[in-house]
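Numbering (the numbering used here), first residue to last: 1 to 254.
Treat the hints as calculated values from the structure; they're not laboratory data. Any given hint could turn out to be false.
What the hints assert, rightly or not - Calculated lysine-lysine pairs in the DSSO-like style (CA-CA distance at most 30 angstroms, straight line):
1) Lys216 <-> Lys240
2) Lys87 <-> Lys62
3) Lys87 <-> Lys60
4) Lys87 <-> Lys122
5) Lys14 <-> Lys240
6) Lys14 <-> Lys87
7) Lys216 <-> Lys190
8) Lys87 <-> Lys65
9) Lys65 <-> Lys122
10) Lys190 <-> Lys88
11) Lys88 <-> Lys122
12) Lys60 <-> Lys88
To be verified - Cβ pair distances, simulated, as ranges:
13) Thr127 <-> Ser249: 32 to 38 angstroms
14) Asn213 <-> His160: 24 to 30 angstroms
15) Asp116 <-> Asn213: 31 to 37 angstroms
16) Gln254 <-> Lys62: 34 to 40 angstroms
17) Thr86 <-> Val139: 40 to 46 angstroms
18) Asn168 <-> Glu95: 21 to 27 angstroms
The beta carbon of each residue, even a glycine, is placed where N, CA and C say it ideally should be.
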Amino acid sequence: MTLFRPCIDLHQGKVKQIVGGSLNDTGAKENFISDYDAAYYASLYREHGLTGGHVIALGKDKENKLEALSALRAYPNGLQYGGGVTKKNAAEYLEAGASHVIVTSYLFEDGEFSWDRLDHIKRETGTDRLVLDLSCRRVGESWFIATDRWQTVTSTEVNHENLTELANHCDEFLIHAADVEGLQAGIDEKLVMLLGQGCPIDVTYAGGARSLNDLKRVHELSNGLVDLTIGSALDIFGGKGVSLEECISWNSGQ
């Protein structure tokens, strides 16, 4: 059954919601900047029993790391962590309280997927605490994994064959549709359908969700096999499309 998965996105040491495709070295187009810190949101999710969410650090700012660590301490084993994860620091985040670490860019060298790097990080995490972030951009009628804050499109396609193979090496997938991330213009329905048909493990989709109806739509398109993260449209992030209370009620009914 499709579930709502919560998120905490960190940029420049603040909890924010941004337009994903705008993220670069100089900044990003911002939809929302919170007055609350990451630990506040982690505690909120813990209070309401929301599981399987993630805290993502967008950028290597020291403040991002401090905020992420505070969120993990506030909700031990309740959040996944992603952002600059490598074989050298994966264990640090797991020991700090992350249920899983989320990895993308580290797995690529010169735009090519590295099986050696995947093996290296699996030795630190095991498959049961590893999430592969296959966030992607659309190229024609296909989707290709995008790294380096979604600015570099790799040669690795998000398709049935690759999803099936990579599923043997991790516990879950996290997939942002970078082209629609933060736009609140609707989900990428074709991508959700592909994920519903081709993922043998748990997968969370993010990008474009704008209302409670999107939870229903993802459920329909994926036969309940894909979960959904809602960011900019959510009331706790300044959105007007859907409330956290509605998402909690949705999960309770599944």
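How the hints compare with the structure:
1. Distance check on the hinted pair: Lys216 and Lys240 sit about 18 angstroms apart at the alpha-carbon level, within 30 angstroms; holds.
2. This hinted pair checks out: Lys87 and Lys62 have alpha carbons roughly 19 angstroms apart, not beyond 30 angstroms.
3. In summary, the hint linking Lys87 to Lys60 is supported, as the alpha carbons are separated by about 16 angstroms, within the 30 angstroms threshold.
4. Using a Cα cut-off of 30 angstroms, the hinted pair Lys87 and Lys122 holds, with the two alpha carbons roughly 8 angstroms apart.
5. With a CA separation close to 21 angstroms, the supplied pair Lys14 and Lys240 stays within the 30 angstroms bound.
6. At roughly 26 angstroms between alpha-carbon atoms, Lys14 and Lys87 fall within 30 angstroms of each other, so this suggested pair holds.
7. Restraint check for Lys216 and Lys190: the C-alpha separation of about 15 angstroms stays at or below 30 angstroms, so the hint holds.
8. Annotation: proposed proximity of Lys87 to Lys65 holds, straight-line Cα distance about 16 angstroms (limit 30 angstroms).
9. Taken as a hint, the Lys65 and Lys122 pair is honoured in the structure, with Cα atoms around 22 angstroms apart against an allowance of 30 angstroms.
10. With a C-alpha separation of about 36 angstroms, the suggested pair Lys190 and Lys88 falls outside the 30 angstroms cut-off, and the hint is violated.
11. Of the supplied pair hints, the one linking Lys88 and Lys122 holds, its CA atoms being roughly 12 angstroms apart against a limit of 30 angstroms.
12. Among the hinted pairs, Lys60 with Lys88 is consistent with the structure: their alpha-carbon atoms are about 15 angstroms apart, no more than 30 angstroms.
13. As the Cβ distance of Thr127 to Ser249 is approximately 33 angstroms, the hint placing it in 32 to 38 angstroms holds.
14. Checking the proposed 24 to 30 angstroms range against Asn213 and His160 shows it holds: the Cβ atoms sit about 27 angstroms from each other.
15. A C-beta distance of roughly 43 angstroms is found between Asp116 and Asn213, which places it outside the suggested range of 31 to 37 angstroms.
16. Range check, Gln254 to Lys62: about 39 angstroms between beta-carbon atoms, so the 34 to 40 angstroms window is met.
17. Taking 40 to 46 angstroms as the suggested C-beta distance range, the pair Thr86 and Val139 does not conform, at roughly 27 angstroms.
18. The supplied range of 21 to 27 angstroms is met by Asn168 and Glu95, whose beta-carbon atoms lie about 26 angstroms from each other.
The structure fails to meet hints 10, 15 and 17 from the earlier list, while all remaining hints are met.
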